[in-house]
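A.B. asks: Sequence:
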Amino acid sequence: MKILLMRITLRATWVHSLKEKRMVVKSVIQRLKNKFNISVGEVGEQDIHQTIVIGITGVCGSSAQVDSTIENIIKFIEDITDAEIIKIESEEEDF
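When you number the sequence shown by my numbering, it's gap-free, plus one each residue, and the end is 95.
There is no bait here: all hints are sound.
Below, a list of computed lysine-lysine pairs in the BS3-like style, where the Cα atoms sit at most 30 Å apart:
id, residue 1, residue 2
1, Lys-87, Lys-2
2, Lys-33, Lys-2
3, Lys-87, Lys-33
Now the in silico label distances, taken between C-beta atoms and shown as ranges:
id, residue 1, residue 2, range
4, Ser-68, Glu-42, 23 to 31 Å
5, Met-1, Arg-22, 28 to 36 Å
6, Asn-34, Glu-84, 20 to 28 Å
7, Ser-27, Asp-94, 29 to 37 Å
8, Asp-94, Gln-50, 31 to 39 Å
9, Val-59, Glu-89, 12 to 20 Å
10, Ser-63, Thr-13, 33 to 41 Å
Quick caveat, the hints were computed from the structure, so don't treat them as lab data. Predicted model, so just to flag it, every value in this text is computed and none were measured. Note that beta-carbon positions come from the ideal geometry of N, C-alpha and C, so glycine has one too.
Given only the sequences and the hints, what does the whole structure look like? Please build it.
C.D. replies: In structure tokens, the structure reads:
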């Protein structure tokens, strides 16, 4: 069994308040949870309104499944939001 760990940083240049950012973050997090059955949360830069940092963790059966899930998550985020992905950190751990 493998554990997927990701940290994705997004830039949302059109967001001008923390309230707007909160709406974007809540939408992205909920849609990711529903689509992939993973744990997702905002993990950094909460006070900077144009930067979104999302932490993701999940359990996969194999390394191939981890790689596939990472690719699918990135593609899904690109499809559901206009925010630009500026950094992706990922790793897998054995369980």
